[in-house]
Amino acid sequence: MTLAALFAVLLGMCLLLVRALLGPTLYDRVLAVNSFGTKTVLVIGLLGYVMGRTDFLDIAILYTLINFVATIAILKFFRYRSFQVPLARRPEQAARGGDSNG
Amino acid sequence: MAYLVVTFFAIFAFWMGNSGHYKPLMLGFAALSFAITLILCARLKIIDREGAPYVRLFGWLAYYPWLAWEIVKSNWVIIKACLRAELDISPSLVKLKTICKSDLAKVTFANSITMTPGTVTVEIEGDKLLVHGLYEANTQPEAFEEMDRRCARAADPAETPA
Amino acid sequence: MAEFFALIGNTWEIVRFPLGGAACLLGAILCIVGTIGVLRFPDFYTRIHAASITDTSGAGLVLIGMALMAPHWIIVVKVFCIMGFLLLTSVTSSHALVNAAHTAGLQPKIGPMGRSVHEEDEEDRH
Numbered sequence: 001m002t003l004a005a006l007f008a009v010l011l012g013m014c015l016l017l018v019r020a021l022l023g024p025t026l027y028d029r030v031l032a033v034n035s036f037g038t039k040t041v042l043v044i045g046l047l048g049y050v051m052g053r054t055d056f057l058d059i060a061i062l063y064t065l066i067n068f069v070a071t072i073a074i075l076k077f078f079r080y081r082s083f084q085v086p087l088a089r090r091p092e093q094a095a096r097g098g099d100s101n102g
Numbered sequence: 001m002a003y004l005v006v007t008f009f010a011i012f013a014f015w016m017g018n019s020g021h022y023k024p025l026m027l028g029f030a031a032l033s034f035a036i037t038l039i040l041c042a043r044l045k046i047i048d049r050e051g052a053p054y055v056r057l058f059g060w061l062a063y064y065p066w067l068a069w070e071i072v073k074s075n076w077v078i079i080k081a082c083l084r085a086e087l088d089i090s091p092s093l094v095k096l097k098t099i100c101k102s103d104l105a106k107v108t109f110a111n112s113i114t115m116t117p118g119t120v121t122v123e124i125e126g127d128k129l130l131v132h133g134l135y136e137a138n139t140q141p142e143a144f145e146e147m148d149r150r151c152a153r154a155a156d157p158a159e160t161p162a
Numbered sequence: 001m002a003e004f005f006a007l008i009g010n011t012w013e014i015v016r017f018p019l020g021g022a023a024c025l026l027g028a029i030l031c032i033v034g035t036i037g038v039l040r041f042p043d044f045y046t047r048i049h050a051a052s053i054t055d056t057s058g059a060g061l062v063l064i065g066m067a068l069m070a071p072h073w074i075i076v077v078k079v080f081c082i083m084g085f086l087l088l089t090s091v092t093s094s095h096a097l098v099n100a101a102h103t104a105g106l107q108p109k110i111g112p113m114g115r116s117v118h119e120e121d122e123e124d125r126h
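Residue numbers (our numbering), protein chains in the order written: chain W, 1 to 102; chain F, 1 to 162; chain G, 1 to 126.
Because the hints were derived from the structure by calculation, they are not lab data.
Nothing here was measured: the structure is a model prediction, and the numbers come from that model.
The reader is advised that the hints may include incorrect statements.
Each computed DSSO-like pair below joins lysine-lysine, with the alpha-carbon atoms no more than 30 Å apart [claimed, not checked]: (1) F:Lys-73 with F:Lys-45; (2) W:Lys-76 with F:Lys-101; (3) W:Lys-76 with G:Lys-109; (4) F:Lys-101 with F:Lys-73; (5) F:Lys-128 with F:Lys-73; (6) F:Lys-73 with W:Lys-76; (7) W:Lys-76 with F:Lys-128; (8) F:Lys-97 with F:Lys-73; (9) W:Lys-76 with F:Lys-45; (10) F:Lys-80 with G:Lys-109; (11) F:Lys-97 with G:Lys-109; (12) F:Lys-101 with F:Lys-80; (13) F:Lys-95 with F:Lys-128; (14) G:Lys-109 with F:Lys-23; (15) W:Lys-76 with F:Lys-95; (16) F:Lys-45 with G:Lys-109.
If you want the ones that stay clear, here's a sample from chain F, every Cβ over 10 Å from chain G, calculated [as the list claims (entries may be wrong)]: (17) Phe-14; (18) Tyr-54; (19) Glu-145.
Here a beta-carbon is modelled for each residue, glycine too, at the ideal position from N, C-alpha and C.
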């Protein structure tokens, strides 16, 4: 049953790749990649159960966080064309003129 | 100081739940990493009301089960919309006004709207939210009033009237 | 009384594996349903609703199934860590995605479409 679930999620990932390749706008592609990452987490966990090595869940935790950072990084890059821009700034820093490397 | 203690206990619980090795050497390494993490957090100045929101823990514990049931209900609607043979949707953009005061309550409210399938928060400006919904009938401002009230009660208990 | 609890424990040990497997399978099927929605829906703002099925109920059911089949309590803690992180981060990233699209000026399609399109009220309210 776990194996069937694993293959079902893999099928879903294959279908998502279609959307990532077809997607008319950039945001459709990023959405597909983000959802792909969520499914990758599930696949890693299910693979651990199928192989009887539940240590894979540690990798799944890491992949969850990396997937989030990757999505935000892609969006930030395509908004500002650079990774060097601060997304938010505390008010007192903005008032001081932005010496943010404290 | 209380925020520091709460952060310590959160890190401690996370380590204990994820490690599985309780030998003295490993516990020593754990104590070392706790110290480094807390020093870094204190240097970053992120141990504050938002970094360790333990006062609101009970409000959230009461709120999230209700939200889970809402998520199950709206999941069913969207699953039907996905699997229907003919496409039958009516997307709409709605402007909402929230009664939440603090940033934390607003974030909880916007997060809940996005977490519920079928509605997604597009933008927050002040106390106005722009919400995109899959069905026009489910996205009227009245549909969010109860969620708004519960968020305000969960996340800023002091400022809400009754 | 102790025998009763032992009976309950034994039954639970037998029942939890099929239950967990069924939850995993149901969650995986919901993932496919969400993907079908992502492929079918007409524009970006509606696709993100379909993707949120995958993120909430699909992933949630798969992870609940994994927690039911866990061989050790530490696995349960890890699975619930994944669930918490996944719920927080997927919601935040989908909001970031929609906000970025809206800021970049991508216009959503508004109004009824599909079956009720014969009414032809293409009101452009945005």
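Review point. Checking against the hints above, which ones are violated?
Key: 1, 6, 12, 14, 16, 17
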